[in-house]
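Novice: All chains should be modelled from the sequences, with the hints used to inform the complete structure.
The sequence shown begins at 1 in the numbering used here and counts up one residue at a time.
No lab work stands behind these hints, which were simulated from the structure alone. It is possible that some hints are incorrect.
Here are the simulated distance ranges between beta carbons [to be verified]:
1) Pro13 with Phe209: 28 to 36 Å
2) Ala196 with Arg355: 34 to 42 Å
3) Ser299 with Glu221: 54 to 62 Å
4) Asp43 with Leu3: 31 to 39 Å
No more than 30 Å apart at the CA atoms, straight line, and that leaves these computed lysine-lysine pairs for DSS-like [stated by the list, open to error]:
5) Lys202 with Lys214
6) Lys228 with Lys214
7) Lys202 with Lys228
Beta carbons: idealized from backbone N, C-alpha and C, even for Gly.
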Amino acid sequence: MDLLPFTRPSIGPEEQAAVAAVLASGWITSGPKAQAFEAALADYIGGGVRVLAFNSGTSALEAALLAADLGPGDEVIVPALSFVATANVVLRVGARPRFADVGLVSRNLTADAVARAITPRTRAVIPVHFAGCPVELEPVYRLAEARALMVIEDAAQAIGTRYRDRPVGSSGNPVCFSFHPNKNITTVEGGAIAAADPQLAKRLERIRFHGIEKDAEGNVEVPEWGGKMNLPDVGAALGLSQLPKLDRFNAKRRELARHYLERLSRQRGLVLPQDVHGHSWHMFCVCIDFAALGTDRASLMAALRARGIQAGIHYPAMHLFGLYRRLGYGPGDFPTAERIGRETLTLPLFPGMERADVDRVCDALDALLSA
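Specialist: Below, the structure written as structure tokens:
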């Protein structure tokens, strides 16, 4: 029986030809394809934003923090449940992550949780659109404005997500995306920032490439530190081929996710993810009360794999990692994130799947959990 992975990128002949053409051109690092990809993303997101491409979503987040002058002595509120890059980049710039708990079915920050986490040192908040589920942004932005906080959206999992019928990224604040192979479109590795402030965009452009500025005559100046964070044309060409398919990819993800929700709604011991308008369904993560069902996650994952089904774990609660325990965090600090971290299981979801694949996963879960 073929293994059904929990994700697989949708790459076909068009993408292969686009990459081959760049390789044959002799210009494979950042150049015309990267610029075209940025323009295409800006058109897709709308709102008059400028888009800058990066070599990863992590680099994009780090650059956004640096461009906001966040550093030693500052605190940045982040959800206790996310991929660890969300908190790691805060440490990377010398600031301190201040965790806040998340919703059980949304896995997202709320304005109330942010408000409880604010201290006199708080300067920014990073809401994460978990698995493509849009954060309820309006109250977060109202709170941030009232408390003079910067909002940097982590939309690594949310390309194509919509909030109140507008694409995530069109807000004008720095919004960071990822195009890792497990995302809804891919550039192999890659990321981007959507921003409306031209001065901020200019600074981001410097930061992503050694802090270099050039004038009209080509003279070089380096006014500040910068990294090596640019996206090569090889990856950008892949992204240009993927972007026109994004809405179709996401529509298929929604169809499959809703079939999961219908099939699994009758299964006891599960907490299903939230289905809201605009969700792009990057992942389908359930919470399973393993103890109540007389099993554990490792045993269930092994049993699923024996049936040709791969599951994932997205994610452990970040504040329980050794790195953050050394900052004083520990068990019991954020109960909902900790529960999700203990009980989460990521089921297969990608556009190449069919409804029959969802049925296969659900049938296996029904049999294993009922036993």
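Novice: For every hint, state whether the structure bears it out.
Specialist: We went through each hint and held it up to the structure:
1. Checked against the given bound of 28 to 36 Å, the beta carbons of proline 13 and phenylalanine 209, roughly 33 Å apart, stay inside it.
2. Between alanine 196 and arginine 355 the Cβ separation comes to about 40 Å, which falls inside the hinted range of 34 to 42 Å.
3. Take serine 299 and glutamate 221: their Cβ atoms lie about 60 Å apart, and the range 54 to 62 Å holds.
4. Restraint check, aspartate 43 to leucine 3: a C-beta distance of roughly 38 Å satisfies the suggested window 31 to 39 Å.
5. Taking the CA atoms of lysine 202 and lysine 214, the gap is about 12 Å. The hint holds against a cut of 30 Å.
6. With a CA separation close to 16 Å, the supplied pair lysine 228 and lysine 214 stays within the 30 Å bound.
7. Using a Cα cut-off of 30 Å, the hinted pair lysine 202 and lysine 228 holds, with the two alpha carbons roughly 16 Å apart.
Checked against the numbered hints above, the structure breaks none of them.
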